[in-house]
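Novice: Sequence:
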Amino acid sequence: MKPAAVRTARRRTSGGTLPASFYSRDTEIVARELLGCIVECRGPRGLTRGRIVETEAYLGEHDPACHAAAGRTKRTDPLYGPPGIAYVYLIYGTHWCFNAVTRPEGLPSAVLIRALEPIDGLALMRSRRPAAHRNVDLASGPGKLCAALGIDMRHNRHPLTRPPLVIRRGNPVADDAVEVTPRIGIRKAVDWPLRWFVANHPGVSRVPRR
DNA sequence: TCGAAGATTGTCT
DNA sequence: GACAATCTTCGAG
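Under numbering that gives the first Met the number 0, the first sequence has 95 at position 96, and the numbering climbs by one with no breaks.
It should be emphasised that the hints constitute simulated quantities derived from the structure, not laboratory data.
What you are looking at is a predicted structure, and each value in this text was computed from that prediction instead of being measured.
Take the hints with a grain of salt, since some may be wrong.
Said to hold, decoys possible - Here are the simulated distance ranges between beta carbons:
#, residue 1, residue 2, range
1, D174, G42, 15 to 23 Å
2, D25, K187, 16 to 24 Å
3, G45, I185, 30 to 38 Å
4, G14, S126, 35 to 43 Å
5, R186, I28, 35 to 43 Å
6, D175, P129, 20 to 28 Å
Backbone N, C-alpha and C fix where the C-beta goes; we use that ideal spot for every residue, glycine too.
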């Protein structure tokens, strides 16, 4: 039994940090279980925190939509690193995307964090995302959440078990509140059901195009 | 060295 | 719904 002070402290920090072993499992399981967890990023301007409401799985070299399908390159190298590190890259020259690397080392797969429900540091997020008209729009997309939390190339390869960028346990999302659909914005493997999100949550990004 | 593509977003019509 | 912004990466020549 842990001392009450420790239990209270853990509650205050929205749950303990997810260990590296959490990520060392099937990417699809990690993507599902990351729903409800808390992403926390500390920077010189303060702390920002959000609850994960949408994820996508990218399964490795056999997944045509995964960056690793092109093999190991300078860009995709973090995917081949240990599970539990961040893979951050620039898309369209304008937006950062944030992934958590999964599975045992050497298997290049990851979970893209697509959307967060803002929890803490909303004023700071708003200053970084002046285009967002509602709080729920501050992090409702992969590029948006990186901007809101201040995630960029500096966090590439960063272990998600240590500040300034960590993922903590949150409140688990029940199965009947989770929807699974094909991934968004890709041109290959467009029918693979590898996107998980909290049903009817206003913070999830776009619905799939048809 | 050059050109094309890209896991997006915001603005304009 | 269409389209521009903006830059890194990679393949082709």
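Novice: Look at each hint and say if it fits the structure.
Specialist: Okay, the hints, checked on the actual structure:
Between D174 and G42, the C-beta spacing of about 35 Å breaks the proposed range 15 to 23 Å. The supplied range of 16 to 24 Å is met by D25 and K187, whose beta-carbon atoms lie about 21 Å from each other. At roughly 34 Å, the beta-carbon separation of G45 and I185 lies within the given 30 to 38 Å, and the hint holds. Under the hint 35 to 43 Å, the C-beta atoms of G14 and S126, about 27 Å apart, miss the expected range.
At about 26 Å, the beta-carbon gap between R186 and I28 misses the expected band of 35 to 43 Å. Distance hint check: the CB atoms of D175 and P129 are about 37 Å apart, inconsistent with the given range 20 to 28 Å.
When each numbered hint is compared with the structure, violations occur for hints 1, 4, 5 and 6.
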